[in-house]
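Construct the entire structure; sequences and hints are all you get.
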Amino acid sequence: MDWPAFSLTLQLAVWTVALLLPCAVLIARLLAWGRIPMRGAIEALIMLPLVLPPTVLGFYLLVAFSPQSELGRALGAIFGRAPVFSFTGILLASLIVNLPFAVQPIQRAFEAIPRNVREAAFVSGLSRWQTMRRIELPLAWPGIISAIALTFAHTLGEFGVILMIGGSIPGETRVLSIAIYDRVQAFDIAGAGVMSAVLLGFSLFAIAVVHTLARRKGAASHGI
Amino acid sequence: MGSELPPLSLALKQDAPIPLDVSLSTRRGELLALIGPSGSGKTTVLRSIAGLYRPAGGRITAGGETWLDTDAGIDLAPQARRVGLVFQDYALFPHLTALDNVRLAMLGEKESERTRRAKDLLARVHLAGLEARRPDQLSGGERQRVALARALARNPKVLLLDEPFSAVDRMTREPLKEELAGLHRALDIPIVLVTHDLEEAQSLADRICVLERGKALQIGTPEDIRLRPAAMGVARLMGQTNLIAGLVLNGSHIRCGPHVIAARQLNGARVGDEVTALFPADCISLIDDVGGRPNLLRGTLSELQSLGDVTGLTLDFEGMRLRMKVPTREASMRALRPGLMVDVELDPAFVHVIRKS
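Each protein sequence line maps, in turn, to chains A and B. The numbering used here puts the first residue of the first sequence at 1, with every later residue one more than the last. The numbering used here puts the first residue of the second sequence at 225, with every later residue one more than the last.
Hints in this document: simulated from the structure, not taken from any laboratory. A hint or two may mislead.
Some, not all, of what chain A presents toward chain B, calculated at C-beta under 10 Å [unchecked claim]:
id, residue
1, A120
2, I135
3, W141
Sample of chain B residues lacking proximity to chain A, with all beta carbon distances greater than 12 Å (derived) [claimed, not checked]:
id, residue
4, S249
5, R283
6, S336
7, E337
8, E402
9, L407
10, L451
11, P518
12, R522
13, G543
14, R545
15, S556
16, M557
17, R558
Estimated spans, in silico, between C-beta atoms of each pair [unchecked claim]:
id, chain 1, residue 1, chain 2, residue 2, range
18, A, F59, B, G364, 57 to 63 Å
19, A, G34, B, S427, 42 to 48 Å
20, B, D421, A, L213, 44 to 50 Å
21, A, G34, B, Q489, 54 to 60 Å
22, A, R128, B, D421, 33 to 39 Å
23, B, R437, A, L48, 44 to 50 Å
24, A, W33, B, S427, 37 to 43 Å
25, B, R460, A, M38, 44 to 50 Å
26, A, S196, B, P318, 41 to 47 Å
All residues carry an ideal CB built from backbone N, CA and C; glycine is no exception.
And the structure:
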């Protein structure tokens with residue numbers, strides 16, 4: 001069992017969820033209700049990682065993040081070095097890849113809130129911020145939980161993009177799915193089996209936890 | 225301060241996207257009904273008052289405050305307007321209990337005060353004991369009451385009701401209407417009620433404003449609107465059917481088909497004008513003796529329609545058809561049947577002349 005890979009995978013998943021969630025809530029809310037130009041084009045762009053082959057996406061990210069590119073140099077100035085073949089690189093890639101998994105469920109949840117419920121909040125004297133905190137977020141909670149579950153589970157299993165941009169550096173970019181691939185390449189089927197089972201168990205556990213949370217939060221009455 | 229000012233006054237004007245041309249003001253504690261067909265702009269007027277819709281031009285003042293003045297660039301947000309609004313489908317916060325729905329409308333107040341007042345308001349709308357229920361655990365009528373309590377929680381300067389009875393069944397509607405009438409008597413603020421239900425407007429409102437395509441056609445007491453409509457549009461909206469084309473003969477008579485009919489007043493119409501005469505059902509009565517009174521007509525009863533405890537009659541006076549209602553008991557005592565000759569009297573005081581616009 002490759003414990004450093006397991007720990008790296010968990011870190012990647014936790015960081016991805018933590019960084020992506022606030023952005024996803026803002027983007028989803030904007031797409032659900034905001035008056036924004038080219039909404040269709042923006043939605044299509046966010047959906048792109050869903051349909052693009054991971055290797056293709058990984059290739060473009062590799063080119064974009066490389067020290068030869070403008071973006072790579074700019075990111076290098078922030079993070080110390082261009083974010084290829086590093087944890088920062090696979091985290092940035094993971095944020096982009098997971099954008100549709102995080103935004104979509106939250107956007108659908110916001111869209112399901114009737115307009116007049118928000119208007120009723122305004123007429124009841126609630127500011128936009130109070131309306132978001134006390135009305136919109138509690139009502140969108142199941143969508144937010146779905147987004148967390150999907151992003152987390154998807155990050156645990158991400159392979160193609162991470163391999164392209166991060167390679168397989170132990171302790172830095174070798175996540176469990178890549179470690180499994182390496183073991184299989186080395187004919188260590190037993191080792192790959194153990195790690196696959198761990199990943200499977202952990203994915204099921206993560207999804208069970210968030211779904212239980214969603215049900216509890218949904219059933220409980222919300223004090224104010 | 226501001227006691228001479230009307231508690232709510234508004235003038236809205238825009239051409240597109242929804243045409244609006246409405247100006248009205250209310251009196252203290254008055255219930256004003258906005259009626260009109262769907263698409264007439266009545267809900268838009270209500271939303272404009274609440275600040276949820278911004279008309280191209282207009283001015284709204286309430287309780288001495290200016291809420292909207294497009295010329296002066298004033299447009300207060302809904303949060304700053306202190307209105308109570310009951311939405312058509314109530315728009316309760318589905319994740320909160322009845323008590324919390326009401327409490328949330330008083331965020332600025334002290335915690336203990338909010339709970340106490342919310343409980344008082346729920347008790348006032350007869351919901352004591354149901355404070356812990358969520359909207360999906362309440363009946364339609366109970367939800368409407370929560371919405372009403374929430375609307376009153378901010379001590380509003382104006383109470384706005386958007387078709388408040390349309391989402392509840394007939395059985396629930398009557399007690400709710402009685403409660404609203406009671407509330408109206410107890411409240412000192414103007415209430416604006418949007419409805420397309422004539423009976424509802426007639427029974428609850430002090431005054432009615434009739435809207436058609438965004439334009440206020442007439443504002444008046446329910447009796448005014450029903451008996452003395454200012455325009456054909458109003459008469460039709462009020463369900464008047466006895467509208468007969470006529471010609472003014474002199475200062476007190478009009479000709480309708482072969483009949484010369486006396487009218488107490490002609491509403492400014494001049495001799496020779498083509499007008500429409502309205503004979504509200506109130507002005508027609510079946511009579512037995514035909515001695516010496518004006519506006520006696522003899523005609524044929526062409527149709528009887530049972531409407532429960534009243535019966536609708538269609539009468540034909542040499543081609544001029546009028547409808548009226550009599551108690552079903554009277555219809556059977558008189559043995560009314562199609563083909564019977566009947567005598568009626570049209571009270572000149574109620575004959576209403578509508579001029580061509």
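How the hints compare with the structure:
1. A120: holds (4 Å)
2. I135: Hint on A/I135: holds, closest Cβ of chain B at ~6 Å, below 10 Å.
3. W141: holds (8 Å)
4. S249: holds (22 Å)
5. R283: The assertion about B/R283 holds, with a minimum of 20 Å to chain A.
6. S336: holds (14 Å)
7. E337: Answer for B/E337: holds, closest chain A Cβ roughly 15 Å.
8. E402: holds (25 Å)
9. L407: The claim stands: B/L407 keeps its Cβ more than 12 Å from every Cβ of chain A (closest is about 18 Å).
10. L451: At about 37 Å from chain A, B/L451 clears the 12 Å cut-off, so the statement holds.
11. P518: Correct as stated: the minimum Cβ-Cβ distance to chain A is 55 Å, above 12 Å.
12. R522: Holds, since 57 Å exceeds 12 Å.
13. G543: holds (51 Å)
14. R545: Given a closest Cβ separation of 45 Å, the condition holds.
15. S556: holds (50 Å)
16. M557: At roughly 53 Å from the nearest Cβ of chain A, B/M557 sits farther out than 12 Å, so the non-interface label holds.
17. R558: holds (53 Å)
18. A/F59 x B/G364: 57 to 63 Å: holds (59 Å)
19. A/G34 x B/S427: 42 to 48 Å: holds (44 Å)
20. B/D421 x A/L213: 44 to 50 Å: holds (46 Å)
21. A/G34 x B/Q489: 54 to 60 Å: Cβ of A/G34 to Cβ of B/Q489: about 59 Å, so the range 54 to 60 Å holds.
22. A/R128 x B/D421: 33 to 39 Å: holds (35 Å)
23. B/R437 x A/L48: 44 to 50 Å: holds (47 Å)
24. A/W33 x B/S427: 37 to 43 Å: holds (39 Å)
25. B/R460 x A/M38: 44 to 50 Å: holds (47 Å)
26. A/S196 x B/P318: 41 to 47 Å: holds (43 Å)
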